[in-house]
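Count the sequence shown with this note's numbering and you get residues 49 to 620, in order.
It is worth saying that the hints were derived from the structure and are not from the lab.
You may find that some hints are simply not true.
[What the hints assert, rightly or not] Think about it this way: if two alpha-carbon atoms lie no more than 30 Å apart in a straight line, the pair counts; the simulated DSBU-like pairs of lysine-lysine are:
{"no.": "1", "residue 1": "K535", "residue 2": "K591"}
{"no.": "2", "residue 1": "K409", "residue 2": "K139"}
{"no.": "3", "residue 1": "K203", "residue 2": "K293"}
{"no.": "4", "residue 1": "K157", "residue 2": "K139"}
{"no.": "5", "residue 1": "K494", "residue 2": "K480"}
{"no.": "6", "residue 1": "K409", "residue 2": "K203"}
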Amino acid sequence: MIRRFIAYYKPVRKLLFVDMLSAILIAGIDLITPRFTSHMIDVIIPSMNVTLVLRWSFYLLIAYAIRVSLQYVVEYWGHILGVRMEFAMRKQLFAHIQQLPIRFFDNIKVGKLMSRLVNDLNDISEVAHHGPEDLLISVVLLVGSFTMMYLTQWKLALILTVLVPLMIAVGISKNLKFRKAFRELRRRVADINAQAEDNFSGIRVVKAFTAESQQEQLFDDGNQRFATSRISALKTMAEFGVSVKFFIYIIQLVVFFVGARLIISNQMSIGGLVEFLLYVQLFQQPINRISGFIMQYNQAMAGFERFLEVVDTPAQSNAGDKIDDLAISGRIRFENVTFGYGDVEEDIVLNSINIHIPEGKTLALVGPSGGGKTTLASLIPRFYEVEQGRITIDEIDIRDFDLGFLRRQIGIIQQDVFIFAGTIGENLAIAKPEASQQELIDALKKAEAWEFVSDLPSGLDTQIGQRGVKLSGGQKQRIALARVFLKNPPILILDEATSALDNKTERYIQRTLETLSVGRTTLVIAHRLSTIEKADQILVLSKDGILEEGNHTQLMNQKGFYYHLRQGEATI
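Use the sequences and the hints to build the structure in full.
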C-alpha cells in the first residue's frame, strides 16, 4: 500500500525535491544555532568585544532570514504539493466511480462515497505534504542532534543513547493502537455522512410522516458511536504524547544533574551545558513531529485504504469489437436471457426470456410487481450484465458495442425523474452538450414544455433547485422528455413514465410520449393499462416468465391474466 501511495508523488516530484531540500536546510540551520549560542557564552561575551558581538549577531540574522524564507517555501509550496496530489486522486476517484457498474451503487450509500471523495482525501493531502517533510526533518535533527551532543559531551550523550530507544519502543507500541483506533474512526465518520445525506435527501418524507424525532434518535445513536470512537482515538493519542513528554523530562533532569557535576569537575563549560540543553530541546522537535506524523499517517492510511477499495473495484467491462460508428435501426432481440441479482437460484429474476421487438415498433410490458419488467429494461443499456443468453440490437450482441455508443442510442424516461441542481438549460444540455439555444428551445417545444419555460423570469437560465424542487411533477417529466427529444435516439425505454402523475397531466404527457415514440423502437413498462392499448405487442411478464403475448385486442379475447388486469379483477 505504501508503494502505491508513493506512486502519486511522481507528477509532483519537482515540488517534492524543493520541499525536501528546504526542510533539510531548515534542520541544518536549527542544528548550528546551539553551537553558536555556546560560542557566544564561552568566547565572544567574555572577550568584551562589542564589534565581535555585532558581527556574530549579523551572521545569526542572515541565518534566520534564510530560515524564514525556507519556511515559506515549505509552508506554501509544500501545501501546493499536497493539494495537487489530492486533486489528482479525487479526479481519479470520481472518474473511476463514473465507470463502476450499477451493482456497486446498489450496495453503498451515497454519503459513504462522499466521505471517501472529500474527507478521506483531505487527510491524505495533509500527510502527503507533511509526512515526507516531517520524517526527513526528524531524521536530520535526530542524527544531527546526537552527533552534536557527542561532540559537545560524549558522557551525557551516552546516557541519552540508553534512554531514547526506550522512548521509541513505547512510541511503536502506541502506534499499533493508533492505526486500529483511527480506522474505526473513519468508518464512523462515513456512517454519519451517509445518515445525514439520507435524511437531507428525504427531508420531505421525514416531515410528512413527522419522523423528526425518530431521525434525530438514529442520528444521535450514530453520533454517539462516532464520539466513542473519537474518545478512544484521543485516549491513545494522549497516552503517546504523555509517554514522550515523560521521557523528555527524564532526559532534561538527567542532563541538568550530570551536566552540573561535569561543570563542577571542570569537564564541561557553562556554554557547553547550555548548548547541550538546547540540543535536548531541539531533540524534542523530531519526537513531536513524529508524534503528529503518526496521528496523521494513521488517519490518512485509513482513508487511503478506503480510497483503494473504490479504485480497485473493477470498472464495468467495455470489451468486444468496440463498435462505435454504426447507423442503428433499433431491432432488439432477447435470446434465452437469464439474470439474477444474487448468487443462488432463488434470486433469478429473468429465466430464459426470448423477445423480439421489430424496428420502430412498440412493445409494452405488464405484470405483477417483482416480475422483472424494470430489470429487463435495464439490461438493454447494460446497467446490469446478462448472465446467460444474449441481447442483440440489429443482430449485434450489445456487449460488442462500445458502452458509450450503446447508451447514446437509447433514451430512458422513468417514473422517478432525476433533475440536476442548476438551470433548465444545463439539465437539457446533459443530452447534447454542444446543442445551440435554438435546439434546446425546439426540444422543449416538442415536449410541450416551452410554454411554461418561456413564462419563467429567466427562461432557460432559471435555477430549479436541488433535484428540480421548484418544478411540479409534470414540469419535471416534460424536462425529461425534452432531454430525450434533444438526444434523438433510435431506441426508447419508458419505465412507468406517467404513473406518478395526476390524470390530467398524464393525458398531456401521454400525448407527448406517443409523439416521441413515432419511428423509434420503444419498450414501455406500464402501470396504467389504458396507456398501452395502442402498443404493437404486449407481454405479460412474471417471475415464471412470459405468461401471455399479443396486442391489446388479442389479449382481451384470450381472457387470461391481461384481461383480468384490464377488468380490475387482478392487481399488478
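**Message:** Hint by hint, where does the structure go against what was stated? Just the numbers, ascending.
**Reply:** Failing hints, ascending: 1, 2 and 6.
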